[in-house]
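Q: So the chains spell out like this:
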Amino acid sequence: MKRTTITYGLAASALVIVAAWAALAASLIPLWAAETAMVIAFPVLVLFLGLWWRAPGGEEDIPFIGY
Amino acid sequence: MPDIGGDPLFVLEFGDILHYYTPYTITLFLLALIFTGLAIASRPERQIDIAFGGDAYYAKETTVSEMRFRRFMAIACGLATLGAMGSGDLFNFTLFVSLVGIANIGIVAAVKNRHVLDAAYEYGIVAMVATLPLFGGAALVVATTGTLAIPALAAGGFAVPLVAKAFLALGVIGEGMAPFYAAKAEMFRAPGAPYVIMCSLSSLLIFLRVVEIVITI
Amino acid sequence: MIEYLVFAAAFGLLLLGLHRKVIARVQLRPGPPVWQEILHALKFSFKSTWVPKTASATLYVGVVLIGIGIWSAALFVVLAGESILILFAIYMLHKIVEHGFGLSSGSPYGKFGGVRSVISAASEIPLFVTIAAIYFFTDSLLLRDIVAYQAVHGPLLLIAPPAAIAMYIVILSKLPYGPFSIVESKELVSGYKTEHFGVWRAGISVIDGTKTFVLLFAFVAIFIGAMPFWAALVIMTIVLVSLSFVCAVTPMLSPFDSVTVQGIVTLLMVGYAAVLWWVMP
Chain A
16 MKRTTITYGL AASALVIVAA WAALAASLIP LWAAETAMVI AFPVLVLFLG LWWRAPGGEE
76 DIPFIGY
Chain B
20 MPDIGGDPLF VLEFGDILHY YTPYTITLFL LALIFTGLAI ASRPERQIDI AFGGDAYYAK
80 ETTVSEMRFR RFMAIACGLA TLGAMGSGDL FNFTLFVSLV GIANIGIVAA VKNRHVLDAA
140 YEYGIVAMVA TLPLFGGAAL VVATTGTLAI PALAAGGFAV PLVAKAFLAL GVIGEGMAPF
200 YAAKAEMFRA PGAPYVIMCS LSSLLIFLRV VEIVITI
Chain C
122 MIEYLVFAAA FGLLLLGLHR KVIARVQLRP GPPVWQEILH ALKFSFKSTW VPKTASATLY
182 VGVVLIGIGI WSAALFVVLA GESILILFAI YMLHKIVEHG FGLSSGSPYG KFGGVRSVIS
242 AASEIPLFVT IAAIYFFTDS LLLRDIVAYQ AVHGPLLLIA PPAAIAMYIV ILSKLPYGPF
302 SIVESKELVS GYKTEHFGVW RAGISVIDGT KTFVLLFAFV AIFIGAMPFW AALVIMTIVL
362 VSLSFVCAVT PMLSPFDSVT VQGIVTLLMV GYAAVLWWVM P
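Protein chains in written order, with the working numbering: chain A, 16 to 82; chain B, 20 to 236; chain C, 122 to 402.
Misleading hints may appear alongside valid ones.
Rough simulated footprint, nothing fancy, chain B against chain C, three-plus residues with beta-carbon under 8 Å [what the hints assert, rightly or not]: (1) 201-211; (2) 215-221; (3) 349-358.
Hint data in this document are derived by calculation from the structure and do not stem from the laboratory.
We put the CB at the ideal spot given by N, CA and C, even for glycine.
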């Protein structure tokens, strides 16, 4: 996946979580709606966070070939 | 209304036949929906097999025609499961469950491999025999109480015989035998991950739903 | 909301680290530090990551998302005091997620892990008898009703000990290094987890942490009742340490023996539920 796609995905999931949290705090949406948003956005956040800060590919290590 | 799965969220009535969703059944419904979506969107895996007695290994390919048929059966299985999750009518539920059984046979039987076909044949016999207690259970319920609507039965005032509940559970276990056939390695000579998973998922979901029904009625 | 999820995942991973530490100390080894599982999750999350060539890519990534999603939902269900049927449905659907992990990659090791996870579905059937036994006493399966019942009648642990033992065994069968953890035994490399590396494996760590937290928290809520949050955490830790002792002194059973033992437990539980059904008004 491209770097920009990952950044957008990460930003979108973080935004959904913050929006759901803020809307719940301002009691604009019921609890179950906020929880549903979290359940959908949290897994995406976890994976995209990992993909966002992962080690770059291309510069592979020299494989271990024995002593 | 049955309340062991939480308060009903949504009721869709067609006369006295109805669909309803509680937090419990909506959870099951959504998971069936997600996995059906995955079965539609995924390409089949290419199962790696090791040639016996050597270091060689090869990846099995799924042909396009086989993939099309199995994907169709997986989607049919998913739709039948979706129906069984929301149905508020005992007879409709048994129909959906038997449809799940048939679709499961189809998913496995499309693979052109002798061992896989053997397994599918045996599973087919079990699934066909299991329709007897399944429909028998529904028939016993309607014969003793005069209604098939789950909410009406749950409201009380009816003595649903224990044998009818046992028949329903037995029928669903028979239809959902696929996971227990998983121990038969033959079924896993069938490559193509998303389709085989639909077998296990649908069996598990109808089992979870019948537990709710049997406790409720 | 999000803080609950992060806390549950982190605390669950800490409990798993403690699990490893206790097992090691019982076996006279030094063992890893308690926070080792959290370090694992972080380490995996910034490793180089891709999708294997033989895998069914959508499913391969999709099951990680579904796994985190269902356990997040389970956490909210327990916190909201909703029906425990939903919790147990999610527990059983976790089998399908494991199955998906194993089957999606095309690797034979993962495949056998996935197959084992489905045949060990026998361990899930005691769970339903637990539900039936609880229902006989409380007449409701909503967690808040069960907690309210215990506030009046005392903890269900004392009222229905066999049901508590059955759920204890169910939690035991989900812990790593236990007698029933055949799905990730070492003759299958890492079982269903074998082909999920890098970020995907970090996702599995989050699943495992949340799952451990939710199951132990649900055990405390169902069988002991309402208490302050810190007390629940203390009791969860005690339950986990007792489980670690069991894991430390028992060998891993072979797949069929594991299913047989769990099947015997199921039969005993069915007998118990039948007695209750006969005796209760």
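Q: With reference to the structure, classify each hint as holding or not holding.
A: For each hint, the structure was consulted:
1. 201-211: It holds: at least three residues are needed, and the stretch 201-211 of chain C offers 6 whose Cβ sits within less than 8 Å of chain B.
2. 215-221: That given contact holds, which follows from 4 residues of the stretch 215-221 of chain C lying within Cβ reach (below 8 Å) of chain B.
3. 349-358: This one is violated; 0 residues, fewer than the three required, reach chain B with a Cβ under 8 Å.
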